[in-house]
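Fit chain B to the known structure of chain A by using the hints.
Protein chains: 2
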Amino acid sequence: MALIVQKFGGTSVGSIDRIRNVARRCLATAAQGHQVVVIVSAMSGETNRLLKLAHEVTEIPDAREMDVIAATGEQVSAALTALAIQQEGGKARSLLGHQVKILTDGAYSKARIKAIEGSKIFSTHKKGAIAVVAGFQGVDENGDITTLGRGGSDTTAVAVAAAIGADVCEIYTDVDGVYTTDPSVCPEARKIPKISFEEMLELASLGAKVLQIRSVEIAMKYGVPIHVRSSFSDAEGTWVTKEDKSLEEVVVTGVAYDKNEARVVVAGVEDKPGVVAELFGTIAEKNISVDMIIQSPAVGNNGESRTDVAFTVLKTDLPRAKPFIEEVAKSLKAQSVRYDEGIVKVSIVGLGMRSHAGVAAKMFRILAQEGINISAISTSEIKVSCLVADKYTELAVRALHAGFGLSDKA
Amino acid sequence: MALIVQKFGGTSVGSIDRIRNVARRCLATAAQGHQVVVIVSAMSGETNRLLKLAHEVTEIPDAREMDVIAATGEQVSAALTALAIQQEGGKARSLLGHQVKILTDGAYSKARIKAIEGSKIFSTHKKGAIAVVAGFQGVDENGDITTLGRGGSDTTAVAVAAAIGADVCEIYTDVDGVYTTDPSVCPEARKIPKISFEEMLELASLGAKVLQIRSVEIAMKYGVPIHVRSSFSDAEGTWVTKEDKSLEEVVVTGVAYDKNEARVVVAGVEDKPGVVAELFGTIAEKNISVDMIIQSPAVGNNGESRTDVAFTVLKTDLPRAKPFIEEVAKSLKAQSVRYDEGIVKVSIVGLGMRSHAGVAAKMFRILAQEGINISAISTSEIKVSCLVADKYTELAVRALHAGFGLSDKA
Numbered sequence: 000m001a002l003i004v005q006k007f008g009g010t011s012v013g014s015i016d017r018i019r020n021v022a023r024r025c026l027a028t029a030a031q032g033h034q035v036v037v038i039v040s041a042m043s044g045e046t047n048r049l050l051k052l053a054h055e056v057t058e059i060p061d062a063r064e065m066d067v068i069a070a071t072g073e074q075v076s077a078a079l080t081a082l083a084i085q086q087e088g089g090k091a092r093s094l095l096g097h098q099v100k101i102l103t104d105g106a107y108s109k110a111r112i113k114a115i116e117g118s119k120i121f122s123t124h125k126k127g128a129i130a131v132v133a134g135f136q137g138v139d140e141n142g143d144i145t146t147l148g149r150g151g152s153d154t155t156a157v158a159v160a161a162a163i164g165a166d167v168c169e170i171y172t173d174v175d176g177v178y179t180t181d182p183s184v185c186p187e188a189r190k191i192p193k194i195s196f197e198e199m200l201e202l203a204s205l206g207a208k209v210l211q212i213r214s215v216e217i218a219m220k221y222g223v224p225i226h227v228r229s230s231f232s233d234a235e236g237t238w239v240t241k242e243d244k245s246l247e248e249v250v251v252t253g254v255a256y257d258k259n260e261a262r263v264v265v266a267g268v269e270d271k272p273g274v275v276a277e278l279f280g281t282i283a284e285k286n287i288s289v290d291m292i293i294q295s296p297a298v299g300n301n302g303e304s305r306t307d308v309a310f311t312v313l314k315t316d317l318p319r320a321k322p323f324i325e326e327v328a329k330s331l332k333a334q335s336v337r338y339d340e341g342i343v344k345v346s347i348v349g350l351g352m353r354s355h356a357g358v359a360a361k362m363f364r365i366l367a368q369e370g371i372n373i374s375a376i377s378t379s380e381i382k383v384s385c386l387v388a389d390k391y392t393e394l395a396v397r398a399l400h401a402g403f404g405l406s407d408k409a
Numbered sequence: 000m001a002l003i004v005q006k007f008g009g010t011s012v013g014s015i016d017r018i019r020n021v022a023r024r025c026l027a028t029a030a031q032g033h034q035v036v037v038i039v040s041a042m043s044g045e046t047n048r049l050l051k052l053a054h055e056v057t058e059i060p061d062a063r064e065m066d067v068i069a070a071t072g073e074q075v076s077a078a079l080t081a082l083a084i085q086q087e088g089g090k091a092r093s094l095l096g097h098q099v100k101i102l103t104d105g106a107y108s109k110a111r112i113k114a115i116e117g118s119k120i121f122s123t124h125k126k127g128a129i130a131v132v133a134g135f136q137g138v139d140e141n142g143d144i145t146t147l148g149r150g151g152s153d154t155t156a157v158a159v160a161a162a163i164g165a166d167v168c169e170i171y172t173d174v175d176g177v178y179t180t181d182p183s184v185c186p187e188a189r190k191i192p193k194i195s196f197e198e199m200l201e202l203a204s205l206g207a208k209v210l211q212i213r214s215v216e217i218a219m220k221y222g223v224p225i226h227v228r229s230s231f232s233d234a235e236g237t238w239v240t241k242e243d244k245s246l247e248e249v250v251v252t253g254v255a256y257d258k259n260e261a262r263v264v265v266a267g268v269e270d271k272p273g274v275v276a277e278l279f280g281t282i283a284e285k286n287i288s289v290d291m292i293i294q295s296p297a298v299g300n301n302g303e304s305r306t307d308v309a310f311t312v313l314k315t316d317l318p319r320a321k322p323f324i325e326e327v328a329k330s331l332k333a334q335s336v337r338y339d340e341g342i343v344k345v346s347i348v349g350l351g352m353r354s355h356a357g358v359a360a361k362m363f364r365i366l367a368q369e370g371i372n373i374s375a376i377s378t379s380e381i382k383v384s385c386l387v388a389d390k391y392t393e394l395a396v397r398a399l400h401a402g403f404g405l406s407d408k409a
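Residue numbers (numbering that gives the first Met the number 0), protein chains in the order written: chain A, 0 to 409; chain B, 0 to 409.
Simulated from the structure, these hints should not be mistaken for lab results.
The beta carbon of each residue, even a glycine, is placed where N, CA and C say it ideally should be.
Don't take each hint at face value.
[Stated by the list, open to error] Below 25 Å or equal to it, Euclidean Cα-Cα: the simulated DSS-like pairs (lysine-lysine) are:
no.	chain 1	residue 1	chain 2	residue 2
1	A	Lys-100	B	Lys-119
2	B	Lys-208	A	Lys-100
3	B	Lys-208	B	Lys-241
4	A	Lys-113	B	Lys-208
5	B	Lys-51	A	Lys-90
6	A	Lys-258	A	Lys-113
7	A	Lys-321	A	Lys-332
[Claimed, not checked] Negatives, chain A to chain B, calculated, CB over 12 Å:
no.	residue
8	Leu-2
9	Leu-26
10	Asn-141
11	Val-209
12	Ala-276
Just chain A, same shape as in the assembly (with noise of 0.2 Å):
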C-alpha cells in the first residue's frame, strides 16, 4: 500500500465529465489499495472569470480579496470532485487550504508554503474516504486566505506530498510528459522516461512549461518523486527524481527555449569601477530580476575607456524598467541605450554535461553551422544558454535536438 497524492489541473477538472474521469481514476487507484490524496486547480477558465468580476470593481484590486474571490474556484472543484467520488461509489470529502490547513505567508496572490499540517489529511483517511484538497490556496497566520500564483496547484500537491511523506506525487495534465523539447516546434520531439530534480528545474526555468518551477524545487529539498502523466491515458509519463547513474550517462536530457526576455544594451558607459554595480543595483531595487549580462571588453579613445553593458529582463518588466535604465544611463553618461525584443533564448539542459567536456563548443558549432549569430551566453553546470535573434527559434530548436542526438532515440 502506497500513499499517493494525485494532482489535476484546470483542464483535468474542465467539465462535470471531466470531474467524473478524474474521480474514477482517483477510485481505480484507491481499489488497488493505496491511500489517495487528489489536489484539483479550479475548473479551466473560472479563475480569470472570477478575477474579471474583480477588476470589473476597480482597476488594482487589493490582493487580500482578490485571493478571497480566486480561492473560491478551487473550494468548488475540490466539492465538486468529492461529490462525483461519492456519486461512482466512493468516499470522499473536501478540504481546502484553511482546513489542511496549509500555512503560508502573508505575500497575497504568490504567497509561499511555511507549513503544512496533515492531521486533516489522515483522519479522513482514517474515515476511509479519499482526501479531495483545494489547491493553489492557503492561510496565513491572521487566518487570511492566501493564493499561490499562477500554477500554484502544482506546488500545493508537491507540499502535501512531502508534509504526509507520499510516496509519489502524480501530476496530471494533458501532455502524456515531459518531452526533450516542445514538440510543436520540433516534431521529433520524444518523452523523456526519467529526468532528475536538477534538470527538470532548469528546464522549467528555461522555458518548459510542464511543472512549476517551485514545485520541482520543493520535490528536490524533500525528495519527493513526481511523475507527470496524461490524465486522458494510463500510459507511463516522466518520472522526476533524484539523480542516478543512469541518468548522468544522457549528456543533454532536453532543449528549451524563453521568448519571453527582452535585451536590453546600454552603450558606451565609463569602464571604471562600481558602474556595473550602480546599473543592477538600481533595477534590483525596483524588484525587476535581470537574467544574463554580458559587459563587452572595454574600448579606449582619447586615454576615456568606455564599455558596453547588455541584459536581459522579462518583456513584461520592460515598460516599468524603461524608466530607470535611462535614467540611471544618463548618471553613468552612457552614450546611448537600446532596446531588442525580437531575441529568443535557447538551451540545452543535462547532467551528462559535468561530466563531458566540449558540450557547450559543440553547442555554438551547430548553432554556427546553421548561420545563427549568438549574442550572450550563459552556462551553470548543468545548462548552456544563447541568445539568439528570434527568428532562429525553430532552426536552432530542432538543430541542437538532432545535433545532441535526441532525434534519433525514438
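Frame of chain A; chain B shown alone:
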C-alpha cells in the same frame, strides 16, 4: 456614534453597479461617524448556479460538500463589496464564516448558530475599516463549512448584531418595509412604520416573506432592533422592535396569507383514546410538520363512534407524507383519506387582540359576508388564521384589510 449592522440581500448585490451602490451607502453611514458591519448575500442567481453544478454531478449531493460549494457565493460577494468600498475611497476587509467566526452546529444546509466570536470584527474596526461579513455561512466545531439555509443572511445579520451589541440591524431589501399585507394582492396595503417582534414573527410564520423567521426569533431574544428598508432609497422603512404602548393600541397590524399548505382529511376513524396521538406521532417521526389540526365531533352509528381528523402539511412535504398517512390511516381503520391542495391560510395579526375582545368573531363575520366558507381555524394570543378555498385569496385578504381599518390610514 452607533454600531450599525447593514445587511444586503442578493438583489442588492446582484450586479457590480449595485455592489457599488451598497459600498456608497455603507460609506455614507460611516461618514456620519458610525461603525459599520456589512453582511452580504450571494449575488442573485449565484447560489442557484452553484447548486445546479452540484446537481449535475449527482442527484442527491452530500450536504457537507453542497455547503462548501454554496458558501463560495457569499465569499465572492463579500470580497467584491470590500473592493467596491476601497474603490470608493474607504477601507474595508471581508470576513468569512470561519474567520469571524460564526460557530454553528453540524446540520449542513440548515445549521443553527451556536456562538459568534466578534473579535475579528472589532479588530477590523480598530484598523479603521468596515467589516464585510459573508452571510449565510458558518463553521462547525470541526472546522467544516456550514450554511444556514435559504434566507440565512438575515439570520447572520441579526446574530452578528446581537453578538457585537449593535444598536440596530438594518435589513436592506427590494421593498421599502413591512406592509400591512401583500401589495400585489391588495393595492391598499400600507407600509407599517413600527411593528413588535411578536407580530413580525407571526407575520413571517404566516406567509409574509420580508424577514426570515429565525432572524426575528434571534432579534426578539436579544432585543436587537431591526430596520427593514429599501436598498434603492433613503426613506425610513419598518422598525421591528420591542412592543410598547403605542403598538398595543392597534388591534390588527397586518393580514397575511399562505398558499403553501395542503389539507389532509382522514375520515371515519374510530373515536377512541390514542387514535389521534398515533396518527400524528407517526407523521412527526418522519419529520413532517403539521400545522392546523381539526377534529370533527364524533358521530355515533350502531354503537360505534367515528370521527374525521383534518390537518395541514406543507405541499412540498405531501408526496413524502402520503405513504405514511395512508399506512397509519389503514391501521386506524379509517374509511377514507382525502387531500386538498386548493386551500389558503388567511391570517390577521395584532398585539391589540390581547386587550380587544371579539376580534376573531369579527374576522369570521367579514369572511361570511363575502360568502367565504371557513374549513379550519387556529388562534394564538395575537393572531387568528382561517383556512379557506384558495380561489378566495384576494377577496378574503382585501375584505379583512378593509374590515379591520387597515385601508383607511394611508
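(message) Holds or violated: A/Lys-113 and B/Lys-208, Cα atoms, limit 25 Å.
(response) 48 Å, violated
(request) Verify the proposed pairing of A/Lys-100 with B/Lys-119, using a straight-line Cα cut of 25 Å. (result) 20 Å, holds
(message) Just to be careful, I want the Cα atoms of B/Lys-208 and A/Lys-100 compared with a cutoff of 25 Å; is the pair within it?
(response) Distance of about 40 Å is beyond 25 Å: violated.
(request) Quickly compare the C-alpha distance for B/Lys-51 and A/Lys-90 to 25 Å and report which way the hint goes. (result) 21 Å, holds
(message) A/Lys-258 and A/Lys-113 were given as a pair; does the straight-line alpha-carbon distance stay at or below 25 Å?
(response) Cα-Cα ~32 Å, so violated.
(request) Against chain B, does A/Leu-2 hold up as non-interface, every C-beta pair farther apart than 12 Å? (result) The assertion about A/Leu-2 holds, with a minimum of 23 Å to chain B.
(message) Quick check for students: does the CB of A/Ala-276 sit more than 12 Å from each CB in chain B?
(response) 40 Å, holds
(message) At 12 Å, judged by beta carbons, does A/Val-209 keep clear of chain B as stated?
(response) About 29 Å separates A/Val-209 from the closest Cβ of chain B, which puts it past 12 Å; holds.
(request) Test the statement that A/Asn-141 is away from the interface with chain B: the closest C-beta pair must be farther apart than 12 Å. (result) 9 Å, violated
(request) Measure nothing beyond the straight line between the CA atoms of A/Lys-321 and A/Lys-332; if it is 25 Å or shorter, mark the hint as holding. (result) 16 Å, holds
(message) Need the status of pair B/Lys-208, B/Lys-241: alpha-carbon distance at most 25 Å?
(response) 20 Å, holds
(message) Confirm or reject: A/Leu-26 is not an interface residue toward chain B, with every Cβ-Cβ distance exceeding 12 Å.
(response) 14 Å, holds
When each numbered hint is compared with the structure, violations occur for hints 2, 4, 6 and 10.
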